[in-house]
Structures are given as C-alpha cells and as structure tokens.
Amino acid sequence: MNTLSFVVQQTMFFAIPLLIVALGGMFSERSGVVNIALEGIMIMGAFVSILFINLTQDQISGQILLLLAVLVAGAAGGVFSLLHAYAAITLRANQVISGTALNMFAPAFAIFITRSVQKVQQIPFNDTFRLAKVPVLGDIPVIGALFFQNAYITTYLGLAIFVVAAIVIKKTRFGLRLRSCGEYPQAADAVGINVYRIRYKGVFISGMLAGIGGLVFVIPTSTNFNATVAGYGFLALAVLIFGNWRPGSILGAAFFFGLMKTFASAYSGIPFLKGLPLPSNVYKMLPYVATLVALAFFSKRSQAPRSSGVPFDKSTR
Amino acid sequence: MSDLSKRSRRNRGLMSFASSIIAILIGLLFGFIILLVSHPDQAVDGFVTILRGGFFGGASSIGQMINIAVPIIMTGLSVGFAYRTGLFNIGTPGQFTTGAFAAIYIGSKWTFLPAPIHWVVAVLGAMLVGAVWGSIPGFLKAYRNVNEVISAIMLNYIGMYLVNMLVVETVYDQLRNQSRPVKAAAKIPTLGLAEAFKGSYLNMSILICIVFVIIVYIIVSKTTFGYELRAVGLNPFASRYAGINSKRSIVVSMVISGALAGIGGGLMYLGQTGVFLQVVDVLAPQGFNGIPVALLGLNNPIGIFFSGLFVASLTVGGYNLQLFEFTPEVIDMIIAVIIYCSAFTLLFKNLMEQLLAKRKAAAVKEEEER
Chain A
168 MNTLSFVVQQ
178 TMFFAIPLLI
188 VALGGMFSER
198 SGVVNIALEG
208 IMIMGAFVSI
218 LFINLTQDQI
228 SGQILLLLAV
238 LVAGAAGGVF
248 SLLHAYAAIT
258 LRANQVISGT
268 ALNMFAPAFA
278 IFITRSVQKV
288 QQIPFNDTFR
298 LAKVPVLGDI
308 PVIGALFFQN
318 AYITTYLGLA
328 IFVVAAIVIK
338 KTRFGLRLRS
348 CGEYPQAADA
358 VGINVYRIRY
368 KGVFISGMLA
378 GIGGLVFVIP
388 TSTNFNATVA
398 GYGFLALAVL
408 IFGNWRPGSI
418 LGAAFFFGLM
428 KTFASAYSGI
438 PFLKGLPLPS
448 NVYKMLPYVA
458 TLVALAFFSK
468 RSQAPRSSGV
478 PFDKSTR
Chain B
154 MSDLSKRSRR
164 NRGLMSFASS
174 IIAILIGLLF
184 GFIILLVSHP
194 DQAVDGFVTI
204 LRGGFFGGAS
214 SIGQMINIAV
224 PIIMTGLSVG
234 FAYRTGLFNI
244 GTPGQFTTGA
254 FAAIYIGSKW
264 TFLPAPIHWV
274 VAVLGAMLVG
284 AVWGSIPGFL
294 KAYRNVNEVI
304 SAIMLNYIGM
314 YLVNMLVVET
324 VYDQLRNQSR
334 PVKAAAKIPT
344 LGLAEAFKGS
354 YLNMSILICI
364 VFVIIVYIIV
374 SKTTFGYELR
384 AVGLNPFASR
394 YAGINSKRSI
404 VVSMVISGAL
414 AGIGGGLMYL
424 GQTGVFLQVV
434 DVLAPQGFNG
444 IPVALLGLNN
454 PIGIFFSGLF
464 VASLTVGGYN
474 LQLFEFTPEV
484 IDMIIAVIIY
494 CSAFTLLFKN
504 LMEQLLAKRK
514 AAAVKEEEER
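In order, the protein sequence lines correspond to chains A and B. Take 168 as the starting number for the first sequence in my numbering and just add one per residue. Take 154 as the starting number for the second sequence in my numbering and just add one per residue.
Worth double-checking, as some hints may not be accurate.
Cβ-to-Cβ under 10 Å is the rule here; a few derived chain A residues that face chain B [to be verified]: (1) L171; (2) F409; (3) L462.
Simulated from the structure, these hints should not be mistaken for lab results. All C-beta atoms, glycine included, are put in the ideal place defined by N, C-alpha and C.
Working from the sequences, and respecting the hints, build out all of it.
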C-alpha cells in the first residue's frame, strides 16, 4: 500500500506538468502554429513566478501565494509566447526559427537577471505549498492515501485544466474554429473566420499553459530555480505527438510517461525493482525506450494537424 | 536565359547575406543596450570585448575560437542537411554524444591498430555510430510513420544515459567523474597548428571540418542524389510519382545527418583540447547549438561554416566578458535575438525579391511592346 501510494504521488509530480504543457502545445499546433518554444516558455514562466514567490514569501505564504504565482506564471508565459506568435503568424516566418530563438533566450535571460541582482544564479524559495493531507478527502480509505495525501494543489489544477481544455477544443465554437484553422485555414477564412486572430489566441493559450507548467514542474521537485526545466518542454512536445494531438490521448501519454519516469527515478524505493541487478542508468533510459517502442507500434495512423507549421497567407489559396 | 537565372541566383544569395547582416547588427545593438542598462560605466568596454570576440585576441584566442567552432559547425551541418531534405533533426545531441563515446572507446581500447591510422579509425567509428543513431528516427519515420522530432528527442536521452553507463563501465576516470584520456596515437594530429597558434590546442580537425563542409555542399547542390533527397523533402508524393524511393531517401538523409553530428563528437573529444566526456545527466549543448548555427547559416553548408565561426567568436567574447561585471549569458541573448531577427529578415528578403521580380516583369513587358 505504501509503495503504491508513493508511486501514484511521484507519478503525479512528473505527469501533471507534462500534461499541462502538452495541452498548451495542442492549442498552438491545432491552430496551425508549431510551438517548439515550449521549453523556453516553461523556463520563462517558472523564472518569473519563482522570482515572484521569492520576493513576496515574507508577506504571504501557502496556497494563496501558490495560486498567485500560477497567475503570474501564466501571464509571463502568455506574454513571452506573443513574440513567437508575432514572428510565426504576422510575419509568416519559419516557425522553427522563432521557437529556437525563444528557447535560447529564456534561460540566458533568467540567469542574466538573477546574476545581476544577486551573486548566485539559483533562486531559492520556501516550500510552504505541500499538503500533508487534504481535509476530509484525505481521510477516505485507499483513495485518500493515493490521491489526497502529500499532494500539491497544482495537481488538481492540472486535472481541472485538462477537463476545461478537452471541452474547449472538442465542444465549443472556438474549439471548432481553432481546429479548422489548423487543418484548412483557407476554408476557415472563406467562411469568415479571422485565421490570424484564432492563431494568436492558440499560441497565447499555449504560452499561458506552458508558463504554468514550468512553475508546476519546479515546485514539487526542488526548492530553488536554476534556469532550467530539465528538458520537460521537449518531453511535453513528445507527449503531444505521442498523444496524437488529442486531449484524451495526451492525458494517457502524460501518465504513461510519468509512471515510467517514476520507476526510473525512484526504483530504489520500490522493493520489486530494487532487487534487480541493473545499473541505475538502465532505469533512467526506461521511459524513453518504452515511449519509442510504443510509438513504433501505435504511430501508423497518427496524423498531425494538416496545416501545422504552414504560415497562413490570406492572399494565396 | 542561363545568364539571367545565374544573375537572379546571385541576387538572391546577396539578399540572404544582406538580411543576415541586418539581423546580426540588430542583435549586437540589443546586446549593447543590455550592457548599457546593467552596467553603464563598463558598457563600451564590454561591447568592444564582444566585438573582438575570438578574432582579435591573438593566436591563442583564435585557436580557442576554432576549437569551439568545429563541433558546432559539424552539428550545424547535420541540422542544415536534414533541414534541406525536409527533416528536422533535433537529435543531434544524441548523435553527437554516441559518436563521441565511440571515438573515445576506440581511442582508448583499440591499441592493436597501427599508430598512424588509430585516430582515423576513431573518427570513422564516431561517424558510423552517429549514423546508426541517426538512422533510427529515419527508419521509424519512413516505415512506422513516427514523427522524427519525438523519436529524436527520446533517442537524445537514451543516448545520454547509455553513454554515461558505458563510460562508467569502460573508460572511467572515477576521480573526475569523466572519461579517461585517449591514447596518444588516437589524438588528432596538430600538423604544427598548436605551435603556430601558441597557447591553444589547435589541431587539424578544422581542416577535416572544412572537407565535410565541401562534401555536404557538393552532395546538396551538385549531385542527382542530393537533388532527390531535397525533392522528397519538398514533396514526397510528387517525388514518389517521379520514381524516387522516398522511404529510402528519408533513411539516407538521417544517416548522413547523424554521421555529421557523430563526427562532430569525435573531433571534439579526440582533439588535444583537454576536454573529456563528463558523466552528467545533461544533453550535449554542442548538439542543440547546431540548430541556431544552421538557421543563422540559412541551412547552406558554407553559410553554416561562417555562422559557426561567428557564434564561436561571440562565445569567446562571452568568456572574456567575465573580466567585467557581466555574465556570459549576454551572448546567448544576443544570438537568440539575431536568430529571431533572421525571421524578420526573411520577410524583408521576400519583399526585395518581389520588388525585383516586378521590375523584371516590367522590363520584359517594355521589351515586348517595343
């Protein structure tokens, strides 16, 4: 039982940020803009919000501070992603170029600003956010121990984001329009949809979610921010593709990867795995090998949004 | 006719060059503003340091710059070549690292090789292993419809952990947590370059690098083979209709791309530059840096060569920046802005092209009317 709840809790820490960021990527790519800048946007969101926590934690703490930080992270990520949107949509530039630029800029900017203010490049923060037990829910037998103990509010936030994102993209008029801009923007344009505006919205949403994802990644796994999110932006991109650009599959892909990652990083805490005579690097490889094998079997029918990565030019057909 | 098309091609080349220069100027201006805002009193000296970069710091500085440039030119060639054939090879860190390990392993263990060819075999080993590592996303894309970006990302991590494990088990220097030095015969000959550029560890890897720049240029621009690879990138359906085996082309492109990145890893760690493969859980930055180098070089082999040197020069400038109260990250920000602006200048280039085309059309029309 203890092992199981440990595995579930760890899996959440890895899977939730991937889920949030990959859902963000979904909004961008299904509107027709490839967003390889997720990594950079995550770093920017994490940087600004952790800095915010660092500066205000003397006045406020706990869940209110965390929720404020989430808002800050979303705003920072959204604003930063507009740089990508401007180049990719308005200037119709190659979308890999501006994405690469953002990925390069964010960590350098974070280190530069931090080092200009203080001597070291890490930004420390106090973890006052961990919930030992969620009131009432945490006392439910079995489920309480699995999902409502030793948790962070961001876990539930991530799941809420998933529900909202799935409804928005599948059931709303905005979602339908967004998807049509990623498949056949000329047709969308012909029925009077402003493709540029929809794509801006798609990229902005992806920026907000990636920014939040950056914060959600850092909070449970560390007590300082060192201008990196350990490649999670690229992994989220992989989860997005693995999840075939659909919310339900993205959820599955994120948890599959999160579970594998848990085995990889915490195998010594799991009695069954600890007994096996394998070097730690084998476990570390496991999530990536498993994903690769799964891809080889399940990708045959996978299909990217048709116009993803293709700049829209109103004057061409 | 041929004269006209040659001239228009030259014009286009000139415009690309002009737009890159504009992007670089904007990036440098941005860097100057950053310096000015953070430490106004040192800004001018700092900026001069960046501009001097690797080129004006004497022989050792030039050597240092070239040693930084060689690996990123090779990974830049790798990214650029794949890009020209319609593939985004984000897997250069994995190909670079696995190639580097192959070179180090051969360089340390295969002592049965005669001395004069030891280093050659080690470089070839790096090339082969990089090619194999690159071929996996190629096969998966061609035959299993797996997006090459995601498989390459996975293979980056697999390669990193695999190499960490293999280093620990075969060529481990426990004290420093890194690979052991390779045998003397496996080091790339200096050809007297180290003596000519005193204080640096310059060797002939830059010459090998130039050879590959030329080879890639010839493959891409001058051969039917390269034409077919590019055609598949532009339109796989049309090329299949034209009788090109598009699946095979995808695999071949990735093999070549991976080989180039692998060589980069080999050249870096077989040089006598005092760098060793660290056992850390960080993807090789030289691999990722191939992406900006390729973009800045407009995916053209010769452009990539110069953009690699340029980025290396800025990097040396960044190290020297620490003499003042600046952090070297200023350089990364400058490069990021340059790349971002190169997106702007593509638009600028298109505008100029349209303008030229319009003028040409008008001239032709005038000719006809007369």
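When the nearest CB of chain B is found for A/L171, is that gap smaller than 10 Å?
-> violated, 27 Å
May I ask you to test the interface hint for A/F409 with respect to chain B, counting a Cβ-Cβ separation under 10 Å as satisfied?
-> holds, 6 Å
With a cut-off of 10 Å, does the beta carbon of A/L462 approach a beta carbon of chain B closely enough for the hint to hold?
-> This hint holds: A/L462 lies near chain B, its Cβ roughly 5 Å from the closest one there, short of 10 Å.
The structure shown violates just one earlier hint, number 1.
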